[in-house]
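Chemist: Chains as they are written, first to last, in my numbering: chain A, 1 to 341; chain B, 1 to 271; chain C, 1 to 282.
Just so you know, these hints were derived from the structure itself, not from any lab. Glycine is no exception: its CB is placed at the ideal position from the N, C-alpha and C atoms. A couple of the hints might just be wrong.
Unchecked claim - Distance windows between CB atoms, simulated:
1. B:Arg-146 with A:Pro-287: 49 to 57 Å
2. B:Gly-145 with A:Gly-172: 17 to 25 Å
3. C:Ser-93 with A:Arg-246: 23 to 31 Å
4. A:Gly-6 with C:Ser-93: 42 to 50 Å
5. B:Gly-145 with A:Thr-263: 25 to 33 Å
6. C:Ser-93 with A:Arg-130: 28 to 36 Å
7. B:Gly-145 with A:Gly-6: 21 to 29 Å
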Amino acid sequence: MLTTAGKRAGVALLSILGVAVLTFFITQLLPGDPARIAAGQYASDEQVAQVRATYGLDQSVPVQFGQYVADFFRLDLGTSIRTGEPVRDELTSRLPATLELGLTALLIAVLLGVGLGVTAAVYRYRLGDRLVQVFVVLASATAVFWIALVAITTLVNGLGVFTSPTGRLPRGFTPPDQITGFYVLDALLAGDPQTAGAALRTLLLPALLLGVLASPSIVKIVRSATIRALESDFARTSRSFGYPARSILVQDGLRNSLLPVITNIGLVAGFVLAGGDVIIEQLFAWPGIGGYAYSSLQENDLFALRGYVIAIGVAYVLINTTLEFVYGWADPRVNLAEGRS
Amino acid sequence: MSLLSVRGLSIQTRTGTSLVRDLSLDVGEGEVVGIVGESGSGKTMTALSLLGLLPDGVHVSAGEAELAGRRFLDGPRLLARPNATMIFQNPTAALNPTMRIGAQLARLLRFLDRPDGRRRGGDVRDRAAGLLSSVGIDDPAAVLGRYPHQLSGGMNQRVMIAMAIAARPALLVADEPTTGLDVTVQAQILGLIRATVAEHGIGVLFVSHDMGVIAQLCQRVAVMYDGEVREFAPVDDIFHRPGDAYTRELLASAHDEPLADEEVADGTRAR
Amino acid sequence: MAVADAGTALRGNVVSRLRVGNPVAVAAFAMLGTILLLGIVVPIVAGSGDVAQEYASLLPPSLDHPFGTDKYGRDVFLRCMAAARIDIALGLSVAVAVLIIGSVIGAVSATFGRGVDAVVMRATDVLLAFPGVVLALVITASLGKNPWYAAIAVVIAFVPLLVRLARSKALEVRSADYIAAARLSGASTWQVAVRHVLPNSFKYPFVQSTLVASWAILDFAALSFLGVGVQPPDAEWGAMIAEGVGDNLLGSWWPSFFPGLMILLTAASFQVIGDWLDRRLR
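Bound-form chain A, shown alone (with noise of 0.2 Å):
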């Protein structure tokens, strides 16, 4: 088990590294003069190379590679040109609010994708399942940035469904005290039930957005491997003992087709938490860590957006390394613990 543990670990702490040595290369060719854009518009030529001094722009490639990995390892992500913070405590202040989204929306695309999924199964080769296949074609085909924004004009400005898109909470509202960071939860926990509604509104409809693009590659998973389970050796074993349908279901079909979602939730896990996110942060001015890479974008802040998608590279494989963990124990076939895979 340890062995086994440590070896995971260790192939997680090489991939990070991994990710670490890549950002730097890419970034390395960001195209005009980071330290003019730093100084502003119209800073002399000594202003300029001051600026670039102070952050070590003038070293050579090589120097600026050990410092970055020296930096990398003190968890030190350097200094943001556009606002002169520190990019890490930046992105740290930020995660909360894109953990909410994400994660509301990683709940969302699982309990929908898996619930489509196994009704496509049960109804397979049927009215259900085509109705479940138009639904993955449609929503995999979906821009997200164009159907959140025909999702304000109709269900936010046209219906008043939802409230605007405007940040984490509607105006009027003060946020609650950070306890979680999760603006719904700190909201109850601090006996306020009406603000944890309107930070719920406000909540939902990017949540669901992401959640809903998301969910595709879910339900195509669960429907396939629930259609293996139920139509397997074991579910017959089941039938020919009359066991209830329900029990069929959920027991042979829905617990042996968990089992490959947990794999892909990493993908998911992808969309939801960075390449959808950016997106829909924007659009909604959700104060989290995508528009914070979006602005960084715009401004080609270096040191930013370097950070950022270090953090998004480093998420990904801690949360790649957590599934395998998870995995293992949810498939007694592929036991950690006993070594067998």
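Got chain A sorted already, so can you dock chains B and C onto it with the hints?
Modeler: Here is chains B and C on its own, set in the frame of chain A:
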């Protein structure tokens, strides 16, 4: 009066392809009846149809079946679940890979308790262990904590038999239960089935392609070819006085199989 | 065993009969063909009308302007069709590039094995540690805001996926008898990789590349929407939506609605064709 009686059973696919035609046979109490035939002869479909387990796209098109005097199959309709259980080829796949043996037995025992809503004496786990001992498993406690993939095929088949007995069926349907097991394990499983019949007095419908196994276990045999019963007769008649050309062919080809040698020797020479 | 076989065979039978001339796949081909044809013909007929500002601004959809006009007085339908050319061509070229690069690297990696394979696998590990769009975003931002760089970034984002797929299929092929025969007859490892392993494992990456076309169109549009792909005033669906955001919030939905619809129809067509190929070729 026979325990199981099947009359005029026909099985078709959705597209009208006939898999089994006008099959009739019966099984007496405490009797083991074999169905033998090559793959594709319809023997497995026959077995599955009796428990309503036909795969999607295959259905009973005609015929009727009674178990202990109660009609349970009438044409395409399964009127009621017959008091029968089934064991399968590839026992490891027939058990749920994500549940421990103990959990699978508990699931069955709780389900069986359900109608009267009471526990039948003792803890589910103790009863499960008792069941495993009754099928000759030496260390039931250890096996209960295992997953199917951690056990041998023979051990899993014992577990399947234990589950099949636990439901107290009048009839046990066995579909190639020893195929793929090695010879000594095969002999043990056959011994276990024989002992089960003796102890509980149930009827067994035993499906196999293996003439040797059939010869060891069955009192009467139905020989199937291309969806039809070519011959249904006592085992001695089948092996010593085959009345059908196909039966003789089958016996001749079975000559290659080591287990069948003794029994088949006379039959083939008689040709 | 027999049951399983019979069951699968039957299902296969039923389903394949359903699929002969699958109407959904036919519709997808027709849709894609129509969009592509309009994308080629409309701009030619209309001249350079896609960037011309010759109408009143923000006219709602009508017979004259089926998709309305945008805030600069440009015909949205015309611009959507001009964009179709770019987006579909982008989707197809990215798919082809990803297919070629991915399956060659995958086949070579699988055939050579050992060191080469280890390096390729670690490299894809690291690349796959970034969600595709983020990788593309950073690469584009690093290279410069330009549609060509955006296209390259999308290719780089999808190559690791195809490498993995091609490699796993190539590993299955590698142990086949005819590969051993080719090796025995003195073919070099390169020749084995390119002449034998690659052609025989090509099917699965090919099917996958149809889906890549669909995803590439979505990601490329996203990059343009974020301002690092196609730059205004050039017509591209994602860029058009970005330009229409402000109008949309003020009540004029059409300048951003129709480009998104085009993305949906095109990407969905590629998805359906991909699923269809997947079932046909398996």
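Chemist: None of the hints should be skipped; say for each whether it holds.
Modeler: Results of checking the hints against the structure:
About 52 Å separates the C-beta atoms of Arg-146 of chain B and Pro-287 of chain A, a value consistent with the hinted range of 49 to 57 Å. Checking the proposed 17 to 25 Å range against Gly-145 of chain B and Gly-172 of chain A shows it is violated: the Cβ atoms sit about 59 Å from each other. In this structure the supplied range 23 to 31 Å is violated for Ser-93 of chain C paired with Arg-246 of chain A, their Cβ-Cβ distance being about 50 Å. Restraint check, Gly-6 of chain A to Ser-93 of chain C: a C-beta distance of roughly 45 Å satisfies the suggested window 42 to 50 Å.
At roughly 27 Å, the beta carbons of Gly-145 of chain B and Thr-263 of chain A sit within the given window of 25 to 33 Å. Between Ser-93 of chain C and Arg-130 of chain A the Cβ separation comes to about 33 Å, which falls inside the hinted range of 28 to 36 Å. Separated by about 27 Å at the C-beta atoms, Gly-145 of chain B and Gly-6 of chain A satisfy the suggested range of 21 to 29 Å.
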